[in-house]
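Undergrad: Listed below are the residues making up each chain.
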Amino acid sequence: MSQLEADNISVAFAGLKALSEVRLSVTPGHVTGLIGPNGAGKTTLVNVLTGFQAPTEGAVKLDGESLVGLAPHQVRRRGIARTFQGGRLFRELPVIDNLEVTGVGLGLSRRAAIAEAQAMLDWVGIAPLADRIAGTLPYTDERRVAIGRALMGRPGYILLDEPAAGMSAPEAAELAALIRRIASELNCGVLLIEHNVGLVLETCDHIVVLDSGAVIEDGPPEQIRASETVRHAYMGTAADSTLPVLEVMQ
Amino acid sequence: MLQVLFDALSLGSLYALGALGIALIFGVMRLVNFAHGDVIAFSVFALLWPSTDAVAIVFAGQMPWFLLIPFILAVGAGLSVLSEIVVFRRFRHASPATMMIASFALGFVIRYFLLMLFSSRPKSISLLPALSQPVEILGARMPLLQLITILATIVMLFALSVFVRKTRFGLEMRAAAENFTMARMLGVRANRVIMGAFALSGALAGAISIILGAQTGTADIQMGGAVMLMAFIATVIGGLGSLEGAVLAGFLLGAASVVMQTVLPPEARPFRDAFVYGAVILVLLFRPQGLISARGTKERV
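First to last, the protein sequences are chains B and H.
Using the numbering used here, you'd call the opening residue of the first sequence number 56 and step up by one each time.
Using the numbering used here, you'd call the opening residue of the second sequence number 543 and step up by one each time.
Certain hints may be false.
Unchecked claim - Covered stretches of chain H (in silico footprint by chain B; criterion: 3 or more residues with CB under 8 Å from a CB of chain B, positions within the stretch not fixed):
(1) 706–715
(2) 719–725
As the list claims (entries may be wrong) - With beta-carbon atoms standing in for the labels, derived distance ranges:
(3) B/Lys72 to H/Ser637: 30 to 36 Å
(4) H/Phe813 to B/Ser164: 42 to 48 Å
(5) B/Ala182 to H/Val546: 47 to 53 Å
(6) H/Ile696 to B/Arg143: 32 to 38 Å
(7) B/Ser164 to H/Tyr819: 44 to 50 Å
(8) H/Ser637 to B/Ala109: 43 to 49 Å
To be verified - One side only, chain B facing chain H, incomplete, derived with CB under 10 Å:
(9) Gly134
(10) Arg146
(11) Asp186
(12) Arg187
Hints listed in this document are in silico derivations from the structure and should not be mistaken for laboratory results.
Beta carbons: idealized from backbone N, C-alpha and C, even for Gly.
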């Protein structure tokens, strides 16, 4: 079966274990959630999956073939795309150019990159913003541009790093609908990393919970909702921002 | 009055072309290339190749203008790309200060190489002599060269702006200038973009050397220095990394120099540059980020 897989991944920074023996898989057409308290290692795992960080042990496998040692742009060319926290667009460039440069970087001709960029903006629902300078957009639109940019070249997998951060409930609901469409219409495998646990429970087919670098729970939303271990992990951090999460989970 | 305007535009053209050459490279690799002035000098001396004699112009200098101009532009571009490959590529991850010092060193190497071959005595060259004929436009008399300098600069700026906005390479360059790491992650070919920026910058240095050579009728190993200094100041005033800012500030500096030359009392004219630099200090006091603030430094709204 076609899948993107974290196979027993461990990462240590100067002796500190950021990830230990993490297993996770993303399959085309499905949305997998990755949640966990601050510092659980979520972004580190995304960095490993996309070639930004080499694992100390274990391997990233695409359809069984190891990707370890590939540079980020090579991983991207294999069809594994990602977004970054806060969008990280080219803020001085028009929206369309942000997508176009990605297409060109993937090896498309300029003409093909423009056509694909326009089609993608249309698909994401922001075609009228094509000529706006990216840095002038409100952040909800900025996130959509970042997602559109990641979808250039029709990747098989997309890793979304906190796409809903700072969004209101209606904004997050719109985003959830878009994420579902990415999986169903583009048959793309989605890994959704989010602090907004409500969004994850509602959007994902399967959820992996990380705490202190290790997987503490792994299963469908109902199982996560009912898990004592997960409740305890969130309770343990005692950060104010995570308290509403517990209510959502009840 | 018109005369002053044309003087300002033609001097401003030189500064703008120089500033653009510096800003292009700064944009993609945060390097202030102080060897730029020496690339200008080197290109002028290419007119004398392969002779090192003071008067003999046997090869390049005798070419018709439509061969001579591309030749000099190619010499500038070639030397500039070579300096990237041989020197600056090794400093890709070094701090901006280290790269800047490396560029000073490279500048000295080029200058003393010229000194060894051609000695420090300025050489008289007769480059495109037809251009020194006066022409009259709207009642102002000026050398044809001045008019051509202004027109050629406008054409070059226009061509460069189309190139940067409308071509694939330009797109990659704009992305790399704003966030080199991100551009690289997205598959933008870093080496090609950087070498392209060096080639463009070197070709601009070649253009300056043609203008300077035709204006002064001499080849002098020092000749890039003065333009380089003003061009560097223009890139700082323009907002380091901003191409539009560099061009704008180049023209402003040219205008300031010419206007001071005209309005200052005769006794103060020898100190013209002091007044220009004074104005520069004032501008930077009020807008330390430059006239058009540089990429990536804007506040997030």
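Undergrad: The structure should be examined with respect to each hint, and the outcome stated for every one.
TA: Do the hints match the structure? See the list:
Only when three residues or more bring their CB closer than 8 Å to a CB of chain B does the claim for the segment 706–715 of chain H stand; here the count is 4, and the claim holds. Evaluation of the coverage hint for the segment 719–725 of chain H: fulfilled, as 4 residues show C-beta separations to chain B shorter than 8 Å, against a requirement of three. Checked against the given bound of 30 to 36 Å, the beta carbons of B/Lys72 and H/Ser637, roughly 32 Å apart, stay inside it. Taking 42 to 48 Å as the suggested C-beta distance range, the pair H/Phe813 and B/Ser164 does not conform, at roughly 57 Å.
Checked against the hint of 47 to 53 Å, the C-beta distance between B/Ala182 and H/Val546 comes to roughly 50 Å, which is consistent with it. Under the hint 32 to 38 Å, the C-beta atoms of H/Ile696 and B/Arg143, about 37 Å apart, fit the expected range. At about 49 Å, the CB distance of B/Ser164 to H/Tyr819 agrees with the hint of 44 to 50 Å. The hinted window of 43 to 49 Å between H/Ser637 and B/Ala109 is violated, with their beta carbons roughly 25 Å apart.
With 10 Å as the threshold, the beta carbon of B/Gly134 stays out of range of chain H, its nearest partner Cβ sitting at about 13 Å, so the hint is violated. For the restraint placing B/Arg146 at the interface with chain H, the shortest Cβ-Cβ distance is roughly 7 Å, inside the 10 Å limit, so the hint holds. With 10 Å as the threshold, the beta carbon of B/Asp186 stays out of range of chain H, its nearest partner Cβ sitting at about 12 Å, so the hint is violated. Interface hint status for B/Arg187: violated, as the beta-carbon distance to the closest one in chain H is roughly 14 Å, over 10 Å.
In terms of the numbered hints stated before, the structure departs from hints 4, 8, 9, 11 and 12, listed from lowest to highest.
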